[in-house]
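Engineer: From just these sequences and the hints, can you work out the full model?
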Amino acid sequence: MVTPILLAALGGALCARAGVFNVALEGLVLVGAFSGILGNYLTGSVFLAVIFAVVCVMLFSLLFGYVSIHLQANPIVVGISLNFLALGLTTFCLRAIFNVKGTYYDKNMVGLPKWDIPLVQDIPWLGGVLSGHSPLVYLTIVIVLLLHLFLFKTIVGFRLLAVGENGIAAKSMGIGIRRYQYGAILACGALCGLAGAQLSLGQVTMFTEGMTSGRGFIALVAMMLGQSSPLGTMGASLLFGFMDAVSIRLQGLSIPTQFTMMIPYVVTLISLFFFKDKGYLAEAQKTSGSSR
Amino acid sequence: MLLQMEQITKTYGELTANKAVDFTLREGEVHAIVGENGAGKTTLMRILYGMEQPTSGAIRIRGKEASFGSPRDAITSGIGMVHQHFMLFSSFTVAENVVIGAEPVKGAWFDRRKAVERVNELSRTYGIPVEPERKAGECSLGAQQRVEILKVLHQGAEIIVLDEPTAVLTPLEVKELLAAIRRLAGQGKSIILITHKLHEVMEVADRITVLRGGQVTGVLEKAETNVEELSRLMVGRELAELNKSRPMPGEASLRVDKLLVRGDNGKPVVDEVSFRVAQGEIVGIAGVSGNGQSELIQSLCGLRRADQGTVALNGRDVTNKLPGVIREAGLAHIPEDRYQWGTAKDRTLVENGLMGHQSKFSRSGVLQKKRIHQAVSDWVQKFGVKTSSVQEKAQNLSGGNLQKLIVARELAQETPFLIAAEPTRGVDIGAMEFIHKQLLDKRTEGGAILLVSSELSEVMKLSDRILVMYEGKIAGELDGHEATEEAISLLMAGGKSKHE
Amino acid sequence: MNKRKEWASSLLHPAMAMVFGLLVGAVAVLLVGASVGETYAEMWKGAFGSFYYLTNTLTRATPILLIALGLSMAFRAGFFNLGAEGQMVLGAVSAALTALYLPGPGWLKLIAAIVAGVAAGGIWAAFAGWLDAKYKINLLISTLLLNYVAIYFAGYLVAKPFKDTTGSAALAQTPMIDKGAWLPKLFTGSSLHAGFLLSIAAVVILFWVVRSTSFGYNLTMTGSNGQFAAYGGVRRVPMMLAGMMISGGLAGLAGTVEVLGMQYRYLDGALVTPGYAWSGLMAALLANSNPIGAALASILLAALQTGAMGVERNTEVPLEIASVIQAVIVVFVSAKFGYSFIKRRKARNDRGSAV
Amino acid sequence: KEKDGASSPSPGAGGSAAPKSDKKVVLVLPEKIGVNPFFQLMDEGVKKAGKEFNVTTKTVESTDPNAFEQNLRAALADKYDLIITATFQAEDALKKVAAENPKQAFTIIDTVVDLPNVRSVSFREYESSYLLGALAGLSTKKNVVGMVAAADIPLIKKWTTPFEQGLKATNPNAKFLVNYVGGFTDPVKAKELALLQFGQGADFIIGASAAGDFGVFEAAKEKNFFTSGQDMDHTSKDPDHIVMSQIKSTDVAAYETIKEFVNGSYKAGAIDYGLKEKGVGLPFVTHETQTKLNPFITQETINKVKELNDQIVSGKLVLQNPLAQK
Ligand SMILES: Nc1ncnc2c1ncn2[C@@H]1O[C@H](COP(=O)(O)OP(=O)(O)OP(=O)(O)O)[C@@H](O)[C@H]1O
Ligand SMILES: Nc1ncnc2c1ncn2[C@@H]1O[C@H](COP(=O)(O)OP(=O)(O)OP(=O)(O)O)[C@@H](O)[C@H]1O
Ligand SMILES: [Mg+2]
Ligand SMILES: [Mg+2]
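First to last, the sequence lines map onto chains A, B, C and D.
Numbered per our numbering, the first sequence spans residues 7 to 298.
Numbered per our numbering, the second sequence spans residues 26 to 525.
Numbered per our numbering, the third sequence spans residues 3 to 357.
Numbered per our numbering, the fourth sequence spans residues 75 to 400.
In case anyone wonders, no lab produced these hints; they're calculated from the structure.
Cβ coordinates follow ideal geometry from the N, Cα and C atoms, glycine included.
Treat the hints loosely; a few may be bogus.
One-sided and incomplete, this derived list gives chain B residues near chain A with beta-carbon spacing under 10 Å [to be verified]:
# : residue
1 : 76
2 : 98
3 : 125
4 : 128
5 : 129
Structural biologist: Set out below in structure tokens:
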């Protein structure tokens, strides 16, 4: 459930740490979801399909990088346009390649397998939550840890943080800002590709136009709430996922649906009272343009 | 010859910042560059460091032509630069700041422990003390300066460019820095030092290049010149001696009683301070930076909450009032940090000049743009601010010229009381003389001035009374006309030096 | 840098960017095997081809422009408001309900509805501002989240208590507002309504406020360097609340004129689907928060949208490709080429990365 | 690949000897066809009629309500002989435009606009929803039936309310679960909701969430429960799990309209399609299908539902339109 959001949020966090505010997550995930299905259709292998999705989204995010870094376009404008572009492009390709409108669904297409973890799956209740997911879900947990190590323990990660913290100073140290920002954007593309693949090959095995349904924006919120740290982002995504589950279960009660659907957003807002300004936030705002 | 810069010319639009400049550096020498604000010193060094490309001209290192497309190239050629405005990552530790770009590794990992060790080692070798595990943003300006130098040394620079390194330092820190510079030169490093303080030049430099209006007006051996000749070459005229008349203090304009301000950790940073500033007098505050001067000023201006005590300005209680209200009550303020408090960098000079004058230059909320434009143009002319137009963005002005604009703006408030914090920081000697004269004139007209400066000579030259701050308290008061440097230094040190 | 040059370059570069955007769009058209000339001709016709289409474009530009103007004011004060959508929706629903349930003559309803719409949007935005000022809650996140809350809440109002009970009533919408409270159309047979005049008035007023009043100056300075403004006696919190209030108020007005001038009722989703808020955000950013620039950028974005509709209607190019071309052009319009490219880069580097 | 199971009253019947026609017909949709099979069918109906009767046809999609009004007016300017549009979203704009142009012929599908130059074709989906509910009540083994609906808006009541009535009519003890996806394009969430309802014991879960239905189908396949689709006969996609479908022949509506327009028998006014006209219905019950009946639904159940159908058709059983206002 939270995996696509978390993956996209991690990508966004990486960009934010490099000083790029990436609002194109929604579009990137959508492209990932489509190319996952396309890859599966072309190669017949889910594994290759995931790779294909990752590569396609990286190409797409290269466009983001080129226009916002090389052509110095405003990253937010580019991000918003790319969201529109992704929607148009995937819908068009759906029609051009699969000759369907709306949804591509093939009962015989094989999605990502579900892996059961031995022992864990036998734990009552918890086993059902922790086990029986697609490999990408487990990969995501690994990615969170790797990203954490990468950012805070390696040299490349350290320099990436430097670029985001103070671009001019980094440049004066001879650190190529562009290279790091490109790297972050490409990595974000790869993560969004995985997010899309998990959406269209893991959670379901189909593609519907606009199937991201705002998940990319939730990822944006999760990334900001998690202060662009991998662990924080994971926490924020889990919080959101949990509240979403709560909200679904409240639907049957007498509260109007519109209010139960508000719950995840309101709770996230309230959680901001507890996780505020830990120093990094100010930096995040600087890079995202709100110079407070 | 280690470094030759030949016929360097750099133009920005219609403005020529460097015009056919020749500059040479010998191995192991300390070479000072002096010149007025906007003479083109920083520009020349930015070209050397690959941050700007010269419009024409060539750079040779050990006779071989070099071209620097970026700082990276300059760094590989053994050039390091400490910028006029620091280039630090404030949320990183000192050690991280020093090693960035050439970090120690352990396998695939960034070895932070080794980084600390290396910094300690460098620090010992060159006698430059720092606290490697402190966040750079929390360090005093002096310490940040030292971090910058260590950073350059860590990169293995042979040629070290220091752009106005002493502008923000206290006298003690200056002394330590100059000693470190000599030590570095002694160990074979070659140093280019930009400064406005000619006595520093005479103290450490081997050779001196003087720039004026983008051109070289002299290259001199230290031994064969003197302060007078240098200032003549810089300014193009003789400097007059300032004459300070005896004060005729009137009524108290500012009364501060038992003012207490707590720092972020809850400890008092200004500790029950009481003093008066009367009309027609200049009161100087001296002290090692970090002893509460900044906090004192900020709480006087309403930019920081005072926890106890009262501040009265021209008979009104202004304790913890909003900055706007306090200005209304008759306060103008030359801030100590011109970029943080004093300007909006991406705005024009006119817009920067308007700040604090909004009500004067508007009628029922509508700005009178002609008058503002005229006023700012007048200031630019009167203070000799070098700029192509008053519509220039503030960030394109050299540091000193921007400072002149701020001083002009605040003097033009014509308030009975003025806080002048580091009013001549980064300003050339000609302009400094001019600003000093303006402050004295204001005093003669009956203005009350609180001067806060880490430049002892400035405090001594201008003040009628000198208060020395130490650890948030006023450690003593001296008569400005009789105080000696020794007496002040003793109070500043509180009996023992703070920097040991 | 003198003024005239700056003007020239500020015009030249969008033009260059347009050309480049059109070139890339042409590639997309060629890829689907349609004729580039015909496609662009239809695009032009759909946007400006006749008086009717021109008014269509201006109608579409109206809400985008109002939102862009509002966001510009928040940006000027240094606050990034991502909540225009929610502010617009709340403004729209408040205006609709006021016009429906306030007794009195039509003109009174109309005026009261406009006031209610502006106030609702303004207060909703100021609420986010207040959360920031008082509790240091990141404005970017809070405004984004408050969108969902506002949209669901408005959806609830029109799906349950204030649902349309006349007609087929299948949609979540309010009943239709009395004719007396409609914003008049400017020309018969065209959709352009008096809301457009309101938006033009807003451009003029804000342009004047920003350039010539001390309030505008204080707002700009707060955004440019908040500490400097504080030092000069400008109070940050009132400035932020004012900036957010104006921003949200104009977004609310955008929703209001759509209700009173176009749909004559609040229809759930009708303001969200067209993505007015996102277009407005892009226009404000493209114009660098300048009111006149925002007007031009809004018309450009609206023209691209109406042009794309024309392409869809009259060529074999499918709707999706029309929207692809539109997105591609916007991407490249925001790019900075040539001379200004170098200049901007410098400015950016000096300021760190900036919006 | 995309279009299986055509709806049964074959629209092609009788169209073989169409006269040449120089008429121009346009279908202006208030939304993108996108995820809505209902619009897809309409588009197909129009295209088919166009080919058979040799009329020029064109389909224009709109991105949002304002764009729709512009497209409608543009169609007017382009002088189409007949302008067809559809759904409630089109009502407001059509009322305006049709009143302003009393000479122009308009048809609106799926709702009623009472103007002299408008032909309204609407559907009584509530009849088929009732049947589906009744069928679910008879079929469920666990006495728990679920529905994954698109959004909690009045429109959706056309499916939820009569369904529940039918369910209670045949099985008063059955529990009815409804969950809302909150959108029309989210199969991921729809699947989650279906799995949730399955976890709550439902063995028959109806999809009513546009593209989301595919998520419900997939959940059914994964967990082995039974499901039903909307608008067209989906049963052939996965006969083991998709055991029912609620048919709404918008293609017939579009096709017949054009046919009559070409024949000259076209008249303005309201027509509606219900069980009686076979405009709505269920495979096996009212419409023929190629698919084999899944044993989950016994022939006996089908027969019982057929009886209900007959009662409705004959007027013996009168159902309330859930959207009708008091
Ligand atoms: N990017 C720029 N665009 C336009 N003019 C510039 C730019 N950078 C510097 N200048 C101008 O070039 C001249 C030289 O500036 P520079 O910073 O080299 O002076 P400086 O000698 O270092 O002065 P200071 O002692 O005040 O630091 C100044 O007049 C300055 O306004
Ligand atoms: N010994 C110390 N322990 C903890 N923090 C220190 C210490 N010395 C300096 N600092 C920090 O570094 C900062 C030094 O700042 P700064 O140089 O601005 O001091 P200051 O009070 O403004 O003096 P001045 O007005 O002379 O510059 C202080 O604000 C404080 O936060
Ligand atoms: Mg300089
Ligand atoms: Mg200080």
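Engineer: Run through the hints listed earlier and report the numbers of any the structure violates, in increasing order.
Structural biologist: Hint check: nothing fails, all pass.
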